[in-house]
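Each protein sequence line maps, in turn, to chains V and L.
Counting in this note's numbering, the first sequence runs from 16 upward without gaps.
Counting in this note's numbering, the second sequence runs from 46 upward without gaps.
The set of hints was computed from the structure by calculation and includes no laboratory data.
Some clues are possibly wrong.
[Said to hold, decoys possible] Using 20 Å as the maximum straight-line C-alpha spacing, the simulated PhoX-like pairs for lysine-lysine come out as follows:
#, chain 1, residue 1, chain 2, residue 2
1, V, 257, L, 104
2, L, 213, L, 180
3, V, 257, L, 112
4, L, 173, L, 159
5, L, 70, L, 173
6, L, 227, L, 104
7, L, 213, V, 256
8, V, 173, V, 257
9, L, 50, L, 70
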Amino acid sequence: MNAIFVLARREFASFFATPIAYVFIAIFLILSGIFTFFMGDLYERGQADLQPFFSFHPWLYLFLVPAIAMRGWAEERRSGTIELLMTLPITVTQAVIGKFIAAWLVLLLALLLTFPVWLTVNYLGQPDNGIILTGYLGSWLMAGAFLAISLCMSALTKNQVIAFVLAIALCFLFVVAGSDLVLDAFTLWADNSVVDTVASFSFLQRFDALSKGVIALNDVVYFLLSTGFWLYACQIIIEQKKAA
Amino acid sequence: MISVKNLSKSFGEFTAVNDLSFEVKAGDIVGFLGPNGAGKSTTMKMLTGFHTPTQGEVKVNGRRMSKNANRLQRDIGYLPEGAPAYSDMTTFQFLNFIADIRGLDKHEKRDRLKEVIDQVELHQVLDKTVDTLSKGFRRRLGLAQALVHNPQILILDEPTDGLDPNQKQHVRQLIKNLSKDKLVIISTHILEEVTAVCNRVIIIANGAMRFDGTPAELQQQSKYHQAVTIKLSYAADITGLLEIDGVADMEVDKQTGEVTLFPEPGKHILGPITEHVQHYRLPIDRLHVDDGRLEDVFANLTQEDA
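Bound conformation, chain V alone:
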């Protein structure tokens, strides 16, 4: 437990020792502002909620989360520090979780810094703050799932660009899993249960429910499970590379 904390603290500090965290947070705030007010028509809708704000999050994360995670393992491998890390008395699991938590906290920070949007709707009307809170929670959980996928891809290679591209591709698949784009490819030959299963992997639909204030246990569990799954995959990849 202690090792995870020490590792996470180092990783977190490292995001701020380099401009990465600042750039990430700034871009996240600017883009989410643009999306919310200009493309999401927050004002014009005349409704005091953050639906337009949250609805763009999957698309923002799609690019930004792989960007912040691509360095994670790829850089350790390239600079050789992975050898240092893996010969310290810690387990691979601890290292994987430590790295994840650090980046997830940066994402949380970025999310919390969007509070002016929340202030705005509260100033303009009387939104249901419970729904907004659920939306934030959902957004953070989804970001965690994106992050786990991206970190896993980062563990595959020492090249950050490859890690980034792989992560975007995989994240994109999960975002659009529930859309016709993907489902059409299955409906032709597979029966309904397969199509439903594929659709159930969709980040978009699960997040949609959460952002509307519906905390369904299975959506929360889904995000937690997929995060866990990809972190586990990440651990296996790292173990495998030791033996290779």
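We have chain V already, so just place chain L on it with the hints.
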């Protein structure tokens, strides 16, 4: 104690380490030698639990590395090849991080950090980030990092690479001064380092063991071991030197005018030679006895099948 049994490591088709077995005890300072690509670093990576062996086993203090890596890594200090460190941290932050993750408590940490910073002389770069450090400081930081928890076992991959001659001397002294009950393995390309620091030498080439013994034993394998070299002021009759009892062979270097006399195995020829020189009043500028030329032995041992 480290014991290695039938250790092999392959990367795909390529065999980096091939059936290596040896034991190292506390008090041993082992110089691990070999040409580039001989498998030194790969072996060290297996000793420290970074690589999993393809075959064979590493045991540290009687426990298997494959089963108890985390337990055993507590007792090991390791300087990996190239002395990697997190480039965005300062020297002090980095050492502090290592101390934390090694679980040193507050007081212990303060004492140990102070000690290693003194030992490797990092005072002037404590607040510099790692990516701005010179090669020498980086290497020393790597060394400090390996020493932080005062480990029983030290495994150092080229600890003096990139250091200037003074720093090399300093690091060698440091390694020598580590307490006598520690076990140290250092890899190096520098042969003189082995005689200066180590009490045991292991030479590998193409992943296989070529020599395991003391530095003195290594020197004895040289044909220059106990050979006597004399330099004459001017040309003189030296044919008589070959007839001295115990002299097996003579070599004349035409450029320098030096004459080297090789002894028969086990014979000491310095006495008879000086007698001969005095008797015939040979004009001697210089005379010395060789301990053995390690470059020679090293080349013989590592190029056998090349």
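Verification of the hints:
Using a Cα cut-off of 20 Å, the hinted pair residue 257 of chain V and residue 104 of chain L holds, with the two alpha carbons roughly 18 Å apart. Between the alpha carbons of residue 213 of chain L and residue 180 of chain L the distance comes to roughly 13 Å, so the proposed pair stays at or under 20 Å and holds. A distance of roughly 14 Å separates the Cα atoms of residue 257 of chain V and residue 112 of chain L; the hinted pair therefore holds under the 20 Å criterion. Between residue 173 of chain L and residue 159 of chain L the alpha-carbon distance is near 17 Å, which keeps this suggested pair within the 20 Å criterion.
In summary, the hint linking residue 70 of chain L to residue 173 of chain L is not supported, as the alpha carbons are separated by about 38 Å, beyond the 20 Å threshold. A threshold of 20 Å between alpha carbons decides the hint, and for residue 227 of chain L with residue 104 of chain L the separation of about 16 Å falls inside it, so the pair holds. As the CA atoms of residue 213 of chain L and residue 256 of chain V are separated by approximately 34 Å, the hinted pair breaks the 20 Å bound. Taken as a hint, the residue 173 of chain V and residue 257 of chain V pair is honoured in the structure, with Cα atoms around 14 Å apart against an allowance of 20 Å.
With a C-alpha separation of about 15 Å, the suggested pair residue 50 of chain L and residue 70 of chain L falls inside the 20 Å cut-off, and the hint holds.
Comparing the model with each earlier hint shows violations of hints 5 and 7; every other hint is respected.
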